[in-house]
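Kindly produce the complete structure, drawing on both the sequences and the hints.
These protein sequence lines are chains A and B, in that order. Each residue of the first sequence is one higher than the one before, starting from 27 at the first, in this note's numbering. Each residue of the second sequence is one higher than the one before, starting from 13 at the first, in this note's numbering.
Calculated from the structure, these hints are not laboratory results. Keep in mind that this is a model prediction, so the values were computed, not measured. There's no promise every hint is true.
[Unchecked claim] One-sided and incomplete, this derived list gives chain A residues near chain B with beta-carbon spacing under 8 angstroms:
no. : residue
1   : Leu315
2   : Val318
3   : Leu623
4   : Glu846
5   : Glu852
Even glycine gets a Cβ: it sits at the ideal position worked out from N, Cα and C.
Okay, here's what each chain looks like letter by letter:
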Amino acid sequence: MNRPLTSDPTDGATLLPGAFARWFATRGWAPRPHQLELLGRVAAGRSVLLIAPTGAGKTLAGFLPSLVDLAGRKPSLPGEAHRGVHTLYISPLKALAVDIERNLAKPVSEMGLQIAMETRTGDTPSHKRQRQKLVPPDILLTTPEQLALLLASKDAERFFAGLKHVVLDELHSLVTSKRGHLLSLGLARLRRFAPELRAIGLSATVAQPEELRRWLVAQDETLPMADLVQVQGGAKPEIRILDSKERVPWAGHSARYSIGELYEAIKAHRTTLLFVNTRSQSELLFQELWRVNEDTLPIALHHGSLDVGQRRRVEKAMETGSLRAIVATSTLDLGIDWGDVDLVVHVGAPKGASRLAQRIGRSNHRLDEPSRAILVPANRFEVLECRAAIEANYLGAQDTPPLADGALDVLAQHVMGMACAEPFHADELFGEITTAEPYARLDRDTFDRVLDFVATGGYALRVYERYARIRQMKDGRWRVSHPRLAQQYRLNVGTIVEAPYLTIRYVKAGGQAARGGPALGKIEEDFLETLSPGDTFLFSGRVLRFVGIRESECLVANAPGQDAKVPYWAGGKFPLSTYLASEVRAMLGDPKRWGALPPQVGEWLQIQQLKSVLPGRDDMLIETFPRGSRHYMVAYPFEGRLAHQTLGMLLTRRLERAGAQPLGFVASDYALAVWGLRDMGEMHRNGKLDFGDLFDEDMLGDDLEDWLAGSWLLKRTFRHCALISGLIEKRHPGKEKTGRQVTVSADLIYDVLRTHDPDHILLRATRADAAYGLLDVRRLGELLSRIRGRIVHKRLEQVSPLAVPIMLEIGKERVQGEAEEALLGEAAQDEMIREAMETK
Amino acid sequence: MNLAVRREETSGEFELAGEACRADIRGALFLVDARVLIVSDLHLEKGAAKARRGHLVPPYDTAATLNLLERSLALFDPRSVICLGDSFDDAGGSSAMPRLFRDRLATLMAGRDWFWIEGNHDPLPPEGLGGDSVRAMAVGGLNFVHHPSAGSVHGEVAGHLHPGARIVRRGRSVRRRCFATDGARMIMPAYGAYTGALNLRDRAFAGMFREDGLVAWALGADRLYRLPASELMPG
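Below you can see the structure in the form of structure tokens.
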């Protein structure tokens, strides 16, 4: 930037040109202090992290330095070469990029600025993309995937050479995922093209701002982190738990009991936003609301699987204020402006304090007025969780997950992309990628193995040299060995591996081959796997009957008047956060805090205290009791469903070895129940089974390795790694017809690789993912070390009040992968019985 | 969640067009009286074929398939072996197969009659591997071809389609490769380590089996599961 520095680099007011000051003034506004501070710091050449709650004018703050700089630029002379992109804006959502373009266009035109602004997303037509490359806009609004694609093209350097600013929106949500890893690598490459590049990160409140400040800059101990500009939250939100006259259920996730009271709340407000945790919960809630909607209030539904057209209509209606309520899943989580919402309802527990704060931020987009929110727990444990979340929000506690090291499959994808752009020296690329925060700790040997993987697959059996995808040239640089491979890369770029989706299409009831019925949206293949023809389910607010699958489409018919067989779609998708879990435990162990709970829940805990015991904050309670012909052991670690599931798998193996004859287990966010033929409490008492040994951390050694080897969870994780790293291809529309029998499935590859090349780099990537992802081994490890010496055992004659919720889950849960053989056995056995009983 | 206990492997036993048969969990069929073993769609060197097209999937599939074949041969000790077509994933597969695997295959073939039936992936006889290449052959009351004939036929054993069974139980779907038979004819599961499956309810199988007699012998971890038509789900 050419502008001379004022004495105080944070005094942005002096940097604000007259046109800007007048624009603010004619609106009766004044630039906010953080907007000016950010402007000053960026003008001084610094990268900045802006942490601000929703409604604080974050977007304008992020763009102000660019607008000011562009406004002061000399107009380009006729015949002058086009200048490159000045500012790159990256958002996690396509919709957000479009939204920002709209919001920014207004001040830009009102101030009479000559600034070209354009979006580039997966929806941008190819002629526009071509034109953008020739005539780049001043400000380009795009997504991490599009950035990766731009960087993998041959003219990337020319395109980005003049880049001054990069604005990273919703940074807190990007950095915790593989998308964030890919973005960090892209940022490292941008810094090489434009060494003076300033990064501006926009973020909601996070637990560790230092992590994000480091993330924004090149990793070099001699350089400072990005500056921090922080805006404190406005008025305290008014949050309450629904004080229901109805009975709060012991278990389940539907919150049906609350419908009447929710409807009254909708009637009492202008516009209500109702959040739920899963798609199926949103369908159910929507249908139940319409069942009681006697005034036919305009209530709409919005979730990611609905047809795009339908979603846009709902969004439009929302903008114009013609809706009274909207039921939504996380598709609306991020910073899209929703106008006049004056009440947010959260159905089901929010699972994390930060998530709750984000969602409540959706109401009343003015900092000085308090947001209003109602939490609706679906069961009794969720009451505790909601209570803990409310207190956390008041306390400003944050529980965003810690950042993980960069994933190796993402690195493999990036290496291929860089080879597509231009030939590279391995030393230089290694030097570049280690300036990205997630990869700063990567050792050279691992990098070389990733490089080898990209080139020839990285197999111990070296037979693919002649099929190498990238090759070394005489000067030592690596280049792509065939243009077709660059094409392959472009089709598979990105780190979002969605569960395969099928289009839902209407056919006439009973009609077999009726063609051309309307498409209703998309549905996860995983869900369809659980259906048989004739089953009914809720979608888009209607009850549909599953007719069958034809090619890549799921055919359905209307099933009016029928009850939907509501899918049991495991509770919430998000596991309970570590922070909330520990708050819930603290609340359980402290009777003084029960006063804040609804009476029926307080009573539940009192009876528990009478009949059994309530564990202290750092203790883990184990109850054992007989019921029916079985013996139960219920443990209450409160560490989230994923960690509990892993724990359950490992415990049953150990119990098997100890001779306790376990038969099965079920896990929830709060507890774990194991049942078997022998009395585990009795075994513990007479020294045949020591609970301390049973829950010893050594289970994370051999037992974990043994189980992992064949686990379907690991297979699923491997599939993601294989797709992201480019080992196998994503499924593309129109290509599905090649069918299962032709493609080599990731499962088969996994089996073969595990047996023949167990140290392969992709298996290492898979295990690293599993530790954080579906298996949550990291959290299980923390749990085991926390409870060492702190297990409280209570032997009971019968089930305790605290155990009831988990006992009710038994038999309701979807059977997991390990039980496939048992299911086949059942299917075959029925046949045997039928055969034996047949009389003809 | 229930725990499965591992047991010794057991094979399935049944009659096909009057011939006593046994089948193993890897997908091999054994004619008890003639002591003939049949395997279909080995797709050897499929990994290498993929690599030639830019997908560097692990090159261990041939070794894995040969391991399976060794176990099936040890279990039944057949006098003759019929490979029911698509033994190699592409026409160049046999000549490009590394020495190591050629030698292992030669060891398995030694002392047995070995028949390669031509498939669509490998229309030419495999190069330098021995054995007899034929379009089709007959043993006892059974005919062996790669492509299944349309309509109902008696005594035909074919491959090509890679049949798989899908059941839905307790909210979960399970898919396995399977032998498909109605007692009169059979379509064999694909045997190779990288071979997937096509649902038996797919249109490709239409009209081939008597519905009331259709049984899928699904390949399990240690046994075969006899699944009746009523259990077989489309999709």
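Tested hints:
1. Leu315: violated (26 angstroms)
2. Val318: violated (29 angstroms)
3. Leu623: Nearest chain B Cβ about 32 angstroms off; hint violated.
4. Glu846: With Cβ-Cβ at 5 angstroms, under 8 angstroms, it holds.
5. Glu852: With a closest approach of 6 angstroms, the A/Glu852 hint holds.
The structure fails to meet hints 1, 2, 3 from the earlier list, while all remaining hints are met.
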